[in-house]
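Chemist: From just these sequences and the hints, can you work out the full model?
One letter stands for each residue in the lines below.
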Amino acid sequence: MTNIIEAEGLTKRFGKTQALAGVNLSAKAGTVLGVLGPNGAGKTTAVRVLATLLRADSGRATIAGYDVVKDAHKVRQTIGLTGQYASVDEDLTGTQNLVLIGQLLNLTTRDARARAAELLEWFDLSDAAGRTAKTFSGGMRRRLDLAASLVGRPSVIFLDEPTTGLDPAKREEMWEVVRRLVTDGSTVLLTTQYLEEADALADEISVIDRGKVIAHDTPDGLKRVIGGQRIEVQPTDITRLDEVNSILARVGGATPVVSGRNRLSVPVPGEESLPAVVSQLGAAGISVTELSLHLPSLDEVFMTLTGKATSAEETAA
Amino acid sequence: MTTSMVKSVTETTYKATTSGTDQTSGHNFVRHVLALAKRSLTKTLRTPEALIDVTVQPVIFLALFTYIFGGAIAGGSTGQYLQFLLPGLLAQSIAMAGVAIGQNLNADIEKGVFDRFRSLPIARSAPLVGAVVADFVRYLILCVITLGFGYLMGFRIETNVVAAIAAIALAIAFALCFCWISVWVGMIARTAGSVQGIMFLLVLPLSFGSNTYVNPATMPGWLQAFVEINPLSHLVSTVRGLLVGGPVTKDLLWTFGWMGVLLAVFVPLALRGYRRRA
Chain B
1 MTNIIEAEGL TKRFGKTQAL AGVNLSAKAG TVLGVLGPNG AGKTTAVRVL
51 ATLLRADSGR ATIAGYDVVK DAHKVRQTIG LTGQYASVDE DLTGTQNLVL
101 IGQLLNLTTR DARARAAELL EWFDLSDAAG RTAKTFSGGM RRRLDLAASL
151 VGRPSVIFLD EPTTGLDPAK REEMWEVVRR LVTDGSTVLL TTQYLEEADA
201 LADEISVIDR GKVIAHDTPD GLKRVIGGQR IEVQPTDITR LDEVNSILAR
251 VGGATPVVSG RNRLSVPVPG EESLPAVVSQ LGAAGISVTE LSLHLPSLDE
301 VFMTLTGKAT SAEETAA
Chain V
1001 MTTSMVKSVT ETTYKATTSG TDQTSGHNFV RHVLALAKRS LTKTLRTPEA
1051 LIDVTVQPVI FLALFTYIFG GAIAGGSTGQ YLQFLLPGLL AQSIAMAGVA
1101 IGQNLNADIE KGVFDRFRSL PIARSAPLVG AVVADFVRYL ILCVITLGFG
1151 YLMGFRIETN VVAAIAAIAL AIAFALCFCW ISVWVGMIAR TAGSVQGIMF
1201 LLVLPLSFGS NTYVNPATMP GWLQAFVEIN PLSHLVSTVR GLLVGGPVTK
1251 DLLWTFGWMG VLLAVFVPLA LRGYRRRA
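As they're listed, the protein sequences go chains B and V.
Under the numbering used here, the letters of the first sequence match residues 1 to 317, in that order.
Under the numbering used here, the letters of the second sequence match residues 1001 to 1278, in that order.
Honestly, the hints are just simulated from the structure, not real lab data.
All figures in this text were calculated on a predicted structure; none of them were measured in a lab.
From the three backbone atoms N, C-alpha and C, an ideal C-beta is built for every residue, glycine too.
Don't take every hint at face value.
Claimed, not checked - 35 Å max Cα-Cα, derived DSBU-like pairs, lysine-lysine:
id	chain 1	residue 1	chain 2	residue 2
1	B	Lys28	B	Lys212
2	B	Lys170	V	Lys1043
3	B	Lys134	V	Lys1250
4	V	Lys1038	B	Lys70
5	B	Lys16	V	Lys1043
6	B	Lys70	B	Lys16
7	B	Lys70	B	Lys223
8	V	Lys1043	V	Lys1111
9	B	Lys134	B	Lys170
10	B	Lys70	B	Lys170
11	V	Lys1111	B	Lys134
12	V	Lys1111	B	Lys170
13	B	Lys170	V	Lys1250
14	B	Lys74	V	Lys1111
15	B	Lys223	B	Lys170
16	B	Lys212	B	Lys70
17	B	Lys28	B	Lys70
18	B	Lys212	V	Lys1111
19	B	Lys28	B	Lys223
20	V	Lys1250	B	Lys74
21	V	Lys1111	B	Lys28
22	B	Lys170	B	Lys212
23	B	Lys70	V	Lys1250
24	V	Lys1038	B	Lys16
25	B	Lys70	V	Lys1111
Stated by the list, open to error - Between beta-carbon pairs, the in silico distance windows are:
id	chain 1	residue 1	chain 2	residue 2	range
26	V	Gly1112	B	Arg224	47 to 55 Å
27	B	Gly130	V	Pro1247	50 to 58 Å
28	V	Arg1276	B	Thr289	37 to 45 Å
29	B	Gly165	V	Leu1253	55 to 63 Å
30	V	Ser1194	B	Asn24	38 to 46 Å
31	V	Ser1194	B	Thr289	56 to 64 Å
32	B	Val182	V	Leu1140	32 to 40 Å
33	V	Leu1204	B	Glu196	30 to 38 Å
34	V	Phe1208	B	Gly22	52 to 60 Å
35	V	Ile1068	B	Gly165	50 to 58 Å
What the hints assert, rightly or not - Over the 12 Å line for every Cβ pair with chain V, so calculated as not near, a few chain B residues:
id	residue
36	Thr11
37	Asp145
38	Arg210
39	Thr218
40	Gln229
Modeler: As structure tokens, then:
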């Protein structure tokens, strides 16, 4: 099966910065490709090249078989783009924002209005339809922005960090939307700084750092490479920390480490380890104030893949 | 965001959209331009201060120049000076009113609104042309306010209605050509503020180095040479002739020539600047 998104050897330089240093990306129709990386890794640049906003210095890319340079017009008929900074028109109302896009996509004014109303309802914005976008909260703006990119029912949707800056509840809502888009048959390319988000949504993940893809795998495959999940336990009674330590060592097959005040953490092979820990804690009669299953953080992923901290970390240090 | 709503979204069908051709057809181009012009107009009307340069500003200039300089320049007769000044001030106000479009477009690009337009299957030029078309309304307001307030101050059209309408039409048409300079500057300037700075550097010599305020006969020779080729001078002479009488043919041809030059030079420059702006 051919890939609906296909990029080969994309490079792009801005002055002294090599934003893209040979990026390959691909996604099959009806799937979510997660592009995971820290700030400044080249995620946005890659999306802008694929969405025909920016021309790469070299390399080639096709969307649904159309070249992003030679058939840019066809590509634009195929895609929807939601940028990192919600690009809604602040002086227009929710409805006006969406109707304008509909008219630019050659819908009749009546169809454009119907489509706008439909999308506003879907994104819980019906009440705010007549208000200017300037009065919208950050989350509402993001939703309006996403709605705007869906007016033309694109088969390929680019979401550039759609949840950055959203609170956890709004993030969950956004995830639901993405899942539904895929159910409807769209292909989604999503950039994110959160492994958790890529894991929750993506069929395949490309990890990108300094303009290069440094790993490409399914979420499970990636987790195997980077050491999978960790279980963290904090016993109520700290005198029983040693007993917790031996239970975790047994289940995880590795020496647990102290990961905070009176808290122990151990890498585990998979989700099935959690019930094992719970039943053994129960059998020993140890109550806990905290028990959780964690994915490694983006920093840990990068540590494992590159042997060094993320570029962002480095500059901060 | 309930499931039933989602169903309704996916089940609704409508004729999707895009014309089968590769390029946007002429008919669609006009529709896109009008939709984008409507957007610009809505924005302008939501922020009334965006109309100051075509309402309050010309009124203040008209009053200032007439009552402060009028007497001195026209030997005591402010009324006579107003007849001379108003057509010129109309042209000068038009040149200044063009500054705003470049600022607005620059701000739009900074905010990322244009990223959306650029990702849509519309002609690249449509957002720029749309903004210019919307400016038509601002220039019309400018002409009506200037003539209306001028009338209250005692200005009288000495020709006829047809000539007066022709004067307004010419002034607006010239403005729609002149503002492409501002559009271009808006594409290449880093910030909206610098658009204003650059444009004023250009507009001030053009408006004062002309026959707007005084008869150029007393100016030094090099300045007279500049006034001679200044496009605003020819616009002023034509509008003056159409409103208060006098020969217009030669200046009208000059004005048309300049309009052609402005379009031929600055439309391509603006479009190139827009394409290059990442």
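Chemist: Hint by hint, say whether it matches the structure.
Modeler: The hints, checked one at a time:
1. B:Lys28 - B:Lys212: Satisfied, since the Cα-Cα distance of roughly 20 Å is no more than 35 Å.
2. B:Lys170 - V:Lys1043: Holds, at roughly 29 Å.
3. B:Lys134 - V:Lys1250: violated (50 Å)
4. V:Lys1038 - B:Lys70: holds (31 Å)
5. B:Lys16 - V:Lys1043: violated (38 Å)
6. B:Lys70 - B:Lys16: holds (27 Å)
7. B:Lys70 - B:Lys223: Between Lys70 of chain B and Lys223 of chain B the Cα gap is close to 38 Å, so the pair fails against 35 Å, i.e. violated.
8. V:Lys1043 - V:Lys1111: holds (14 Å)
9. B:Lys134 - B:Lys170: With a Cα-Cα distance of about 19 Å, the restraint between Lys134 of chain B and Lys170 of chain B holds, given a limit of 35 Å.
10. B:Lys70 - B:Lys170: violated (38 Å)
11. V:Lys1111 - B:Lys134: holds (13 Å)
12. V:Lys1111 - B:Lys170: holds (23 Å)
13. B:Lys170 - V:Lys1250: violated (67 Å)
14. B:Lys74 - V:Lys1111: holds (26 Å)
15. B:Lys223 - B:Lys170: Given that 35 Å is the threshold and the Cα spacing comes to 26 Å, the pair holds.
16. B:Lys212 - B:Lys70: Distance ~24 Å between Lys212 of chain B and Lys70 of chain B Cα, so the pair holds.
17. B:Lys28 - B:Lys70: holds (22 Å)
18. B:Lys212 - V:Lys1111: Holds, at roughly 28 Å.
19. B:Lys28 - B:Lys223: holds (21 Å)
20. V:Lys1250 - B:Lys74: violated (49 Å)
21. V:Lys1111 - B:Lys28: holds (32 Å)
22. B:Lys170 - B:Lys212: holds (31 Å)
23. B:Lys70 - V:Lys1250: Violated, at about 48 Å.
24. V:Lys1038 - B:Lys16: Roughly 41 Å between the alpha carbons, so the hint for Lys1038 of chain V and Lys16 of chain B is violated.
25. B:Lys70 - V:Lys1111: It holds: about 28 Å lies between the C-alpha atoms, which stays within 35 Å.
26. V:Gly1112 - B:Arg224: 47 to 55 Å: violated (38 Å)
27. B:Gly130 - V:Pro1247: 50 to 58 Å: For Gly130 of chain B and Pro1247 of chain V the Cβ distance comes to about 55 Å; the hint holds.
28. V:Arg1276 - B:Thr289: 37 to 45 Å: violated (59 Å)
29. B:Gly165 - V:Leu1253: 55 to 63 Å: holds (58 Å)
30. V:Ser1194 - B:Asn24: 38 to 46 Å: holds (40 Å)
31. V:Ser1194 - B:Thr289: 56 to 64 Å: With a Cβ separation near 58 Å, Ser1194 of chain V and Thr289 of chain B satisfy 56 to 64 Å, so the hint holds.
32. B:Val182 - V:Leu1140: 32 to 40 Å: violated (50 Å)
33. V:Leu1204 - B:Glu196: 30 to 38 Å: violated (57 Å)
34. V:Phe1208 - B:Gly22: 52 to 60 Å: holds (56 Å)
35. V:Ile1068 - B:Gly165: 50 to 58 Å: holds (54 Å)
36. Thr11: holds (15 Å)
37. Asp145: Nearest chain V Cβ is 8 Å from Asp145 of chain B, so the label is violated.
38. Arg210: holds (20 Å)
39. Thr218: Nearest chain V Cβ is 27 Å from Thr218 of chain B, so the label holds.
40. Gln229: holds (29 Å)
Going through the hint list in order, the structure does not satisfy hints 3, 5, 7, 10, 13, 20, 23, 24, 26, 28, 32, 33, 37.
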